[in-house]
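Q: Respectively, the protein sequence lines represent chains A and B.
Positions 0 to 214 (numbering that gives the first Met the number 0) are the ones given, in order, by the first sequence.
Positions 0 to 214 (numbering that gives the first Met the number 0) are the ones given, in order, by the second sequence.
Among the clues, some could well be false.
You can't tell identical chains apart in this list, so a pair holds if it fits in one copy or across any two.
Only pairs whose alpha carbons sit at most 30 Å apart, straight line, appear in this in silico DSS-like list of lysine-lysine [what the hints assert, rightly or not]:
| id | residue 1 | residue 2 |
| --- | --- | --- |
| 1 | Lys186 | Lys208 |
| 2 | Lys186 | Lys76 |
| 3 | Lys103 | Lys76 |
| 4 | Lys49 | Lys3 |
| 5 | Lys149 | Lys186 |
| 6 | Lys186 | Lys44 |
| 7 | Lys25 | Lys157 |
| 8 | Lys44 | Lys76 |
| 9 | Lys157 | Lys90 |
| 10 | Lys44 | Lys149 |
| 11 | Lys81 | Lys103 |
| 12 | Lys208 | Lys25 |
| 13 | Lys90 | Lys56 |
| 14 | Lys159 | Lys90 |
| 15 | Lys186 | Lys25 |
| 16 | Lys49 | Lys25 |
| 17 | Lys159 | Lys208 |
| 18 | Lys90 | Lys25 |
These are calculated hints, taken from the structure and not from any lab test.
Every value quoted in this text rests on a predicted model; they were computed, and no experiment measured them.
2 protein chains.
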Amino acid sequence: MSNKELIATITEAVIRQLQNSQEDRKIPVGVSNRHVHLSQEDVEKLFGAKACLTNYKDLSQPRQFVCEERVTLVGSKGVIEKVRVLGPVRKQTQVEISAGDGIKLGVQAPLRDSGNLASSASITLVGPVGSVTLGEGTIVVARHIHMNTKDAYEWGLKNKQRVSVQVMGPRGLVFNEVSVRVSNDCKLEMHIDIDEANATLLGNNSYVKIITGEK
Amino acid sequence: MSNKELIATITEAVIRQLQNSQEDRKIPVGVSNRHVHLSQEDVEKLFGAKACLTNYKDLSQPRQFVCEERVTLVGSKGVIEKVRVLGPVRKQTQVEISAGDGIKLGVQAPLRDSGNLASSASITLVGPVGSVTLGEGTIVVARHIHMNTKDAYEWGLKNKQRVSVQVMGPRGLVFNEVSVRVSNDCKLEMHIDIDEANATLLGNNSYVKIITGEK
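Given only the sequences and the hints, what does the whole structure look like? Please build it.
A: So, in structure tokens, the structure goes:
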């Protein structure tokens, strides 16, 4: 093999490898509409003593499901009816809304990672049996990528690392400040909310790509 | 002056120049909510024979104003009431909604530059005197920067050129595909819609920065 041929062969192999590794970084998108996670105590206040959440449909993440149960959100300026409850029950009730919902409801929900609820916004939930007024628990969830331990290791990413993500199309953009959430058995998926989906024209059949690691 | 001092002086001058030119590229943001531009013919159908638009409040762009007149938008799946009319009248009626509004109304409005209405979506407008059903004219307006001829020349940008724009903050991102619209006497302003404002947490007091010219 001549030097020229050798160089051509190596170049081709490197290009193929780069294309493959970029291809591997394609991430399916999941769009989150407003929803509520409830504690067992709040399930019973809203739906009755000893009530349990009923699985209506499995979600893509393992053990997570959409419930048949729905609630009404009430803020100082408005109401949103028929808001989905997601199961299973959690230790603390968490209400996830979009910034647009917050304006409609009159609820100033801060942008947070899921579970980070200290001093977040107050809201009232109404169910068929009773109501619950939360002192805190209402947030706009920061966009994030669920990634299992194996993918994170192979891609050289760590839990809570911030990455940038390329969105293609007529409303193409680069999301900075995307949080990577690594856990053992989750499904690879980038979660954005309705405002972000509308602003990018991304949907549940879309893909995005990580383009940088730590900024 | 020693070589070392000379290099330090030149370096400082170059850094100052770069900082200044970047500083110059700060652009105020204007958030567009859903609104309607009407032809005189449609003004009369909706508000009565010989009706004229009434200036309620000037907009930041010269000669543009919010009207006292409001209309109801009706689509196949929903209704949005009290939608602002903007003046002055135009040759052709144009309805600007967000992607989120389109879902609520059941109107599949394409992403377009203002004025590009061929084969865009149908909608019905209802006013106090009558209604108008448009065969086309409903769009989601592509984000864009209004820039006067002098600024465009100084920044080396051309009409309809696409640039990228940096948005800072907790929902920081880079908008690609931002259209520059150059005209003689407009006010420098980047226009985004409500979905884009919610997805970035930008408001009317925010600033963004052009970071690249042609992609």
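Q: Next, verify each hint and record whether it holds.
A: Hint check results:
| no. | hint | verdict |
| --- | --- | --- |
| 1 | Lys186 with Lys208 | within (16 Å within a copy, 36 Å between copies) |
| 2 | Lys186 with Lys76 | neither (37 Å within a copy, 34 Å between copies) |
| 3 | Lys103 with Lys76 | both (7 Å within a copy, 20 Å between copies) |
| 4 | Lys49 with Lys3 | neither (76 Å within a copy, 80 Å between copies) |
| 5 | Lys149 with Lys186 | within (11 Å within a copy, 52 Å between copies) |
| 6 | Lys186 with Lys44 | neither (33 Å within a copy, 55 Å between copies) |
| 7 | Lys25 with Lys157 | within (17 Å within a copy, 34 Å between copies) |
| 8 | Lys44 with Lys76 | within (24 Å within a copy, 34 Å between copies) |
| 9 | Lys157 with Lys90 | within (26 Å within a copy, 56 Å between copies) |
| 10 | Lys44 with Lys149 | neither (41 Å within a copy, 64 Å between copies) |
| 11 | Lys81 with Lys103 | both (15 Å within a copy, 15 Å between copies) |
| 12 | Lys208 with Lys25 | both (5 Å within a copy, 29 Å between copies) |
| 13 | Lys90 with Lys56 | within (22 Å within a copy, 50 Å between copies) |
| 14 | Lys159 with Lys90 | within (22 Å within a copy, 53 Å between copies) |
| 15 | Lys186 with Lys25 | within (13 Å within a copy, 40 Å between copies) |
| 16 | Lys49 with Lys25 | neither (44 Å within a copy, 58 Å between copies) |
| 17 | Lys159 with Lys208 | both (17 Å within a copy, 28 Å between copies) |
| 18 | Lys90 with Lys25 | neither (33 Å within a copy, 45 Å between copies) |
Hint check: violations occur at hints 2, 4, 6, 10, 16, 18; the rest are consistent with the structure.
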